[in-house]
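*Asks:* Construct the complete structure from the given sequences, taking the supplied hints into account.
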Amino acid sequence: MKSKGLSEFREFLSSYINSEEFKKILSDAKSFREELSKFKYSMFIKDRCIKVRPYEDEEDYTIEIEKIFEKFREGETKDYRKTFPEDPFAEHWK
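Once you know that position 38 of the sequence shown is 385 in my numbering, the rest is easy, because the numbers rise by one and skip nothing.
There are no misleading hints in this set.
Calculated lysine-lysine pairs in the DSS-like style (CA-CA distance at most 25 Å, straight line):
| no. | residue 1 | residue 2 |
| --- | --- | --- |
| 1 | K418 | K393 |
| 2 | K414 | K387 |
| 3 | K398 | K414 |
| 4 | K425 | K414 |
| 5 | K393 | K414 |
| 6 | K349 | K429 |
| 7 | K371 | K385 |
| 8 | K387 | K398 |
| 9 | K370 | K385 |
| 10 | K377 | K387 |
| 11 | K398 | K385 |
If you're looking for bench data, these hints aren't it; they were derived computationally from the structure.
None of the values given here were measured: they were computed from a predicted structure.
*Replies:* Below, the structure written as structure tokens:
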């Protein structure tokens, strides 16, 4: 990068993501996600209302729902994400 502002911003981000504070936040977020994944719950959907409550051995309709929507599947999806070169630049300056 040739822009002073972008270079300094990159340095700031680099130092931040390598800081102990950020590493702690990242670790806490991963632990929190793992703990949340242990919860089981039930969702009741009717009209425009969704109710969530603790799981009580209700029947799991996941497989049936996936079968119903299988007919709409049209194969693999195209990845529209843009990849950028390792050293970004403003093309209009070239």
